[in-house]
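Engineer: Chains as they are written, first to last, in the numbering used here: chain A, 3 to 196; chain B, 2 to 297.
Mixed in with the good hints there might be a few duds.
Now the in silico label distances, taken between C-beta atoms and shown as ranges [as the list claims (entries may be wrong)]:
| no. | chain 1 | residue 1 | chain 2 | residue 2 | range |
| --- | --- | --- | --- | --- | --- |
| 1 | B | Thr293 | A | Gln44 | 44 to 52 Å |
| 2 | A | Arg186 | B | Asn181 | 19 to 27 Å |
| 3 | B | Thr293 | A | Ile131 | 41 to 49 Å |
Not everything, but these chain B residues come out facing chain A in the computed CB check (under 7 Å) [unchecked claim]:
| no. | residue |
| --- | --- |
| 4 | Met2 |
| 5 | Ile26 |
| 6 | Thr30 |
| 7 | Met33 |
| 8 | Ile36 |
| 9 | Asp48 |
| 10 | Asn50 |
| 11 | Pro97 |
| 12 | Gln98 |
| 13 | Asn101 |
| 14 | Arg102 |
| 15 | Ala182 |
| 16 | Met183 |
Read the hints as simulated data drawn from the structure, not as lab findings. No residue lacks a Cβ here, since even glycine has one placed at the ideal position from N, Cα and C.
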Amino acid sequence: MRVNFTVNGRPQEADDVWEGESLLYVLRERLGLPGSKNACEQGECGSCTVRLDGVPVCACLVAAGQVEGRDVVTVEGLADFAKQRAEHGGCASGACGTSLQDARQWAAKGTDSQTGEGTGLAPIQQAFIDAGAVQCGFCTPGLLVAADEMLERNPNPSDADIREALSGNLCRCTGYEKIMDAVRLAAARQGEAV
Amino acid sequence: MDFLRPASWEEALAAKAEHPTAVPIAGGTDVMVEINFDHRRPEYLLDLNRITDLTEWQVGEESVRLGASVPYTKIMEHLRAELPGLALASHTVASPQIRNRGGVGGNLGTASPAGDAHPALLAAGAEVEAESVRGSRLIPIDEFYTGVKRNSLAADELIRAVHIKKADGPQQFSKVGTRNAMVIAVCAFGLALHPETRTVRTGIGSAAPTPVRAKAAEEFLNAALEEGGFWDNGKIITPSVAKQFATLCSGACNPIDDVRGTASYRRHAVGVMARRTLTWTWESYRGARRLTEGAA
Numbered sequence: 003m004r005v006n007f008t009v010n011g012r013p014q015e016a017d018d019v020w021e022g023e024s025l026l027y028v029l030r031e032r033l034g035l036p037g038s039k040n041a042c043e044q045g046e047c048g049s050c051t052v053r054l055d056g057v058p059v060c061a062c063l064v065a066a067g068q069v070e071g072r073d074v075v076t077v078e079g080l081a082d083f084a085k086q087r088a089e090h091g092g093c094a095s096g097a098c099g100t101s102l103q104d105a106r107q108w109a110a111k112g113t114d115s116q117t118g119e120g121t122g123l124a125p126i127q128q129a130f131i132d133a134g135a136v137q138c139g140f141c142t143p144g145l146l147v148a149a150d151e152m153l154e155r156n157p158n159p160s161d162a163d164i165r166e167a168l169s170g171n172l173c174r175c176t177g178y179e180k181i182m183d184a185v186r187l188a189a190a191r192q193g194e195a196v
Numbered sequence: 002m003d004f005l006r007p008a009s010w011e012e013a014l015a016a017k018a019e020h021p022t023a024v025p026i027a028g029g030t031d032v033m034v035e036i037n038f039d040h041r042r043p044e045y046l047l048d049l050n051r052i053t054d055l056t057e058w059q060v061g062e063e064s065v066r067l068g069a070s071v072p073y074t075k076i077m078e079h080l081r082a083e084l085p086g087l088a089l090a091s092h093t094v095a096s097p098q099i100r101n102r103g104g105v106g107g108n109l110g111t112a113s114p115a116g117d118a119h120p121a122l123l124a125a126g127a128e129v130e131a132e133s134v135r136g137s138r139l140i141p142i143d144e145f146y147t148g149v150k151r152n153s154l155a156a157d158e159l160i161r162a163v164h165i166k167k168a169d170g171p172q173q174f175s176k177v178g179t180r181n182a183m184v185i186a187v188c189a190f191g192l193a194l195h196p197e198t199r200t201v202r203t204g205i206g207s208a209a210p211t212p213v214r215a216k217a218a219e220e221f222l223n224a225a226l227e228e229g230g231f232w233d234n235g236k237i238i239t240p241s242v243a244k245q246f247a248t249l250c251s252g253a254c255n256p257i258d259d260v261r262g263t264a265s266y267r268r269h270a271v272g273v274m275a276r277r278t279l280t281w282t283w284e285s286y287r288g289a290r291r292l293t294e295g296a297a
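Excised from the complex, chain B in its bound form:
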């Protein structure tokens, strides 16, 4: 094994181009587990810790450019207003020690369906900034996950940052596990209201081979909200609409039975989380409306 320690991003890209099998390591919270347990013996480890740009973020007009190695702790502390869904998801990642090291770049690189960041990224809307010596490209998050622990990165590409849309409305994240801390998701659900475009986006974790959006559920809810004038009148969402949304979210799952839970439990739990996160976000939207437009 060789340990490559590029001092700059350009050096890292050159190293990855020269050794496409090199495994990038930043927080190490996934890679080191595999090495410790002899599940993986990469020829090259590519340490990204010396590249300080990767731990920085920029808040722009429309989106936040989040460096690939910004630890979850920093997202919770500094980006709660701009990225509420991702901040909530970050808070459910493992333990303080892990959150101090791990970041979204690693979650995307590993591309496990159980990664906590994915539902929040799918719901908010995001693009992955991937780069190689050949150039840089932005991969829409919906096209990023290609299979169980597979993503659309080329062998010579590294993740530099994620561009996540700033919240224009309430966002929520919910996760089922056996306890509060140190838990891998049995399944997870992210939901974001986008009042500016009058749309709702979702993200489902651990209930399909990849993280997925519940697109049919989104389309149904968008139409139902529009039809009932809900965005304008700020009424409580009718229980039948919430129920149908939950059913469609369950239907978007394609889960398996495993040690953490059965497929039917996962489908059921995703439906419950869909209904709850919809209620939470909608109540928050109605509250904000009352504040800005006065009580009716």
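Isolated chain A, as found in the complex:
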């Protein structure tokens, strides 16, 4: 079957999709977006976390056919997504989160390629680098998408909030402490910028 949907602001069309195929497989193998990682394929690890109409989900548990006409943001589009959000005033109004309408109107501009190369980093990505929160890096894309979404909803998270928001993302290297540092750092920088 054919599936039409929007990925990182661009309309995409995937052909010859098997009916039982996951969104993750379509992203990685058909659209050439390997940022979302394939690990457990059962929703345990969160390394395939993407945003579906603004909501963080495990791409391995979404059937490809279910995304027809919908909007997906992957780690490759995160920097642009964050930039767009910052330009639209962030979350100062208290009406946090991305509305479906906003998600659908979002468009990538001025990037070199759909892989996100040539774009700057999202603040959460920079914070992960600065805090040394990346070791092998396999869990990082999922953590970035999940952490970015939490900071959008909750600009001043407590440690408990961070742990809760990232509880669906497994990391086997870091012991999570540096990841906690990174998210605290991103939150603090976000606070300073307002």
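Let chain A serve as the given structure and place chain B on it in line with the hints.
Structural biologist: Just chain B, lined up with the frame of chain A:
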């Protein structure tokens, strides 16, 4: 495999009638795991995501009509007052990503004894709204679970909603697992006080072939509370009553040994959770009584 994408509920019922083997998929958090691991190759997948009614809920006088696909996240955010037991149970489901997709309809469809929603539904009191092209019916939750991963749905029926009684008293949910997040229950326990009818209801998860109520324990506790005038005098429940209630709850289990825990551990843990949830809810009931009737 065929992917069916009905745009309306009527179309979905027609598709299910035409293809009774079609597997409904909403959040996909159960179905996709089975497909990814090659455990299941359904002839038809019936996608319910386009039917937006399924993600809506209505709060009525007596009960909440919860659409089958309302994600757990929404239950936690919006229905904590009306459905406290289910909101607590929802919070223990897997991870935020899973709670954003999964809902109670899927939990009921899968009917795993380990489903987190079941103890809360049993304790609160609920009816499952099942529909087919032949018509609609309400299945009492006590009659819904028929075996391990089996329910009383007919082949052409789909779950449209669950009607759950609004809380008229404190409710609690407790779950044993190896860590806080991303954990399937070793066993779980739900308890609801119903001061209006002066009854207590329970629900046990993962400790029998199906989710079950501890009916003998409920009857014992109802009688003991009535006899001691506890609902009126708001006294602390005597330890012997709590202990006997816990023992009877353990007795309602019919667990197995498996990788997650042994049968005897499960029986023991259910007793502990029964005593704790009874204490928590009763303390909360006494607190509320003091507020409404003044300190004695």
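Engineer: Which hint numbers does the structure go against, in order from smallest to largest?
Structural biologist: Structure breaks hint 3 only.
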